[in-house]
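> Here the protein sequences line up with chains R and C, keeping their order.
The first sequence maps to residues 29 to 141 in the numbering used here.
The second sequence maps to residues 183 to 298 in the numbering used here.
What the hints contain is simulated information worked out from the structure, not anything from laboratory work.
Nothing here was measured: the structure is a model prediction, and the numbers come from that model.
Covered stretches of chain C, as calculated for chain R (at least 3 residues, CB under 8 Å):
#1 225 to 238
#2 285 to 292
As a list, the in silico DSSO-like pairs of lysine-lysine whose alpha-carbon atoms are at most 27 Å apart:
#3 R:Lys-138 to C:Lys-218
#4 R:Lys-95 to R:Lys-31
#5 C:Lys-204 to R:Lys-65
Beta carbons: idealized from backbone N, C-alpha and C, even for Gly.
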Amino acid sequence: EDKVVQSPLSLVVHEGDTVTLNCSYEVTNFRSLLWYKQEKKAPTFLFMLTSSGIEKKSGRLSSILDKKELFSILNITATQTGDSAIYLCAVDSLTGGGNKLTFGTGTQLKVEL
Amino acid sequence: DTEVTQTPKHLVMGMTNKKSLKCEQHMGHRAMYWYKQKAKKPPELMFVYSYEKLSINESVPSRFSPECPNSSLLNLHLHALQPEDSALYLCASSQDAGQGRPDTQYFGPGTRLTVL
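In isolation and in its complexed conformation, chain C is listed as follows:
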């Protein structure tokens, strides 16, 4: 089973709203990721969690706040977003074998976010 699930599938929000995106995996993976993908562009890494600790933040604005409550769950809290934040938000997970070993990331179906 290589399934990563994300909810909701679609989200429309105003610039003053607070919302959250959720991601879940039950593959026993210990690394989880958030990516942002704009139309006709490749995914861009936002955050990496390894063993439930934030290990990479790619200089993402503070209006995006990640949270990893446990090894299976990853949230992305959204507040005061701008219309240019509209995009497909992808979650991924990987085993995180550590010690520089190659690691395959498996992606969820994404949340299509529209900010009005």
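Same shape as in the complex, but just chain R:
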């Protein structure tokens, strides 16, 4: 059975801090790893990673994938209160019926003033 594990489960930091969120996985027929940010409703897409060692960057957020060790990290620098959310890691795998996302439990990030 496919498995995605995120750590920490929750995190409280102060504005300006840098945070690192972790995601490890065990899946068959891996296609990609995706990071989403979920505030009150829909998960919002952040990154899709398919190749090891290539950093994806968007503003203060960056992410990298290690396909040998089966993990990914999401970094947020100079955190702001607007970064408070649940960050979901999901792995896209190819099944007999099509592609399937398996989500981790998420990391709840709270950024305080």
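Starting from the known structure of chain R, fit chain C onto it as the hints suggest.
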């Protein structure tokens, strides 16, 4: 434009009611998905449609019935639900590039369903 829309935003229904959730996308995506998300849990896949054909059913009870009338629309018909079915129902879509190519799913805002 990466917008997926869902209606209604909120739905309260009794256990004997029949209702439907709707999802729409105009990105030309050919794969559409239904997920169920309980409080403080990650989304769980229910159904996948690829090119308007049901390709994955994650052993969902028959009181949930999906329908894909065309490539832009996805419905979820609800009948005789139980209180434990109360959750946020999320729709997503993706390009479905096929041949095992990576594919990004974009989510709608969800329908918050309460079953009394």
